[in-house]
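Please build the complete structure, drawing on both the sequences and the hints.
If you count the sequence shown from 1, position 306 lands on 306 in the working numbering, and the numbers rise without skipping.
Hints were generated in silico from the structure; no laboratory data involved.
Please note that a few of the clues may not be correct.
Cβ pair distances, simulated, as ranges [as the list claims (entries may be wrong)]: (1) Gly404 x Thr347: 31 to 41 angstroms; (2) Glu120 x Met316: 19 to 29 angstroms; (3) Tyr188 x Met316: 28 to 38 angstroms; (4) Ala355 x Ala451: 33 to 43 angstroms; (5) Gly111 x Val60: 21 to 31 angstroms; (6) Arg116 x Gly172: 49 to 59 angstroms; (7) Pro284 x Asp350: 15 to 25 angstroms; (8) Leu337 x Ile411: 38 to 48 angstroms; (9) Arg108 x Glu295: 33 to 43 angstroms; (10) Leu113 x Glu295: 17 to 27 angstroms.
Computed from a predicted structure; not experimentally measured.
By construction, the Cβ of each residue, glycine as well, lies at the ideal position given by its N, Cα and C atoms.
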Amino acid sequence: MSERTESRGPGHHGRPEPTEPAEPTEPAQFGAAPRAEEPLSEAARLDADDVLAAKRAEFVLDGAPPLAPPEAHAVAPPRTPRPVYLDGNSLGALPRTVPGRLHEVVTREWGRLRIRSWSESGWWTAPERVGDRIAPLVGAGPGRVVVGDSTSVNVFKAVVAAVRIAQQDAPGRDELLVDAATFPTDGYIAASAARLTGCTLRPVPAPELREAIGPRTAVVLVNHVDYRTGRLHDLPGTTATAHQRGARVVWDLCHSAGALPVELDAHEVDFAVGCTYKYLNGGPGAPAFLYVREELRSRFDSPLPGWNSHAEPFAMAADYVPADGAARGRVGTPDILSLLALEEALTVWDGVELAEVRAKSLALSDFFLRCVAAYVPAGRVESLTPGAHGERGSQVTLRCAGAGEVMEALIAREVVGDFRQPDALRFGLTPLYTSFADVAHAARVLGEVVA
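What follows is the structure in structure tokens.
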């Protein structure tokens, strides 16, 4: 097997165990007096100590430096590329090696080898191979993750299959619980799955889901991180309660995979899905992934059986016999160009420890909130993101009047985030390439815009 087709998960390079930033004891008071250490000077110190700093060079983040700081600043800030990109929670930045890899795929594998590449270039096994690259990033063993289709399609597969398993175990289970603040598509899919399986859909606020699980609950569908606020929900506790009460659970990891440690095997999660174009940097429209718990693989009855998931796909048999292992989650022909771009993008994770990613993520968001408190006039913004580290993903959401116009002004000044109606500014902090200088500059520009 060539080096490119081997599974290369995160490795340990003998670095000291990262120290998690201290838990904040109270929320940031925006508009307060600046800290004793000026933010841009603090950013330079934090960037100098960042164990992930070298990863930044592996991404395309080119541009001009920001405006010079006022003369009152004792220490000049580090040079920060423009634009300052804080939207990795919507679309991750481009890893530098991806264009070269795609050129090779298009010109040699497709252009010269053509159909031979299904075997000679490893195209046929790519969904499972790339799944094994993602598996360590979500705490899964080999053969439990497959890549293909969209997040929406994989949510449908997982929810229907989970309901079928729950109803096999207890035919009276006819309720499907869903996080009331879920990403809209998850809610649409859950409603469709409920109609198809004879279940009643019940939306429940995520913090109340554990108490809501009852004897009629078949499946609980939850977002690990709330896409609006960045709140991190309780995966271990909700999963354990669901199992204690006889229900199954499906987790949507779109805003957590690649941003923080996720231990699917350790917490015996039944099913999980996630996109790969956010913190995993797979590119626009990159295929999603599907995780199936080892003990449930033989019971995974996909509602979308396709020839690619058949035990003998080239037999072209009239009757469907599912494949073993992760391949059971496949449906039709894989999107090879996107899939191989994702495979190359995942090489940026070589040598990365997720504990370091989490520690930097929390440090970035703590520092960003401190900078907002220093630079933004009092009363102009309010944080919707929890202060407690155990309840926070890797984004900061600020409530702000006229959020759409404010974000347009920020982007015009080359600080790129996004907003969600009616009044939420979202800033995604991607530890592999976001610097402390980035977030200090973003907070400073935000203060100037809202003032």
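Non-conforming hints, listed in increasing numerical order: Per hint list: 8 and 10 violated.
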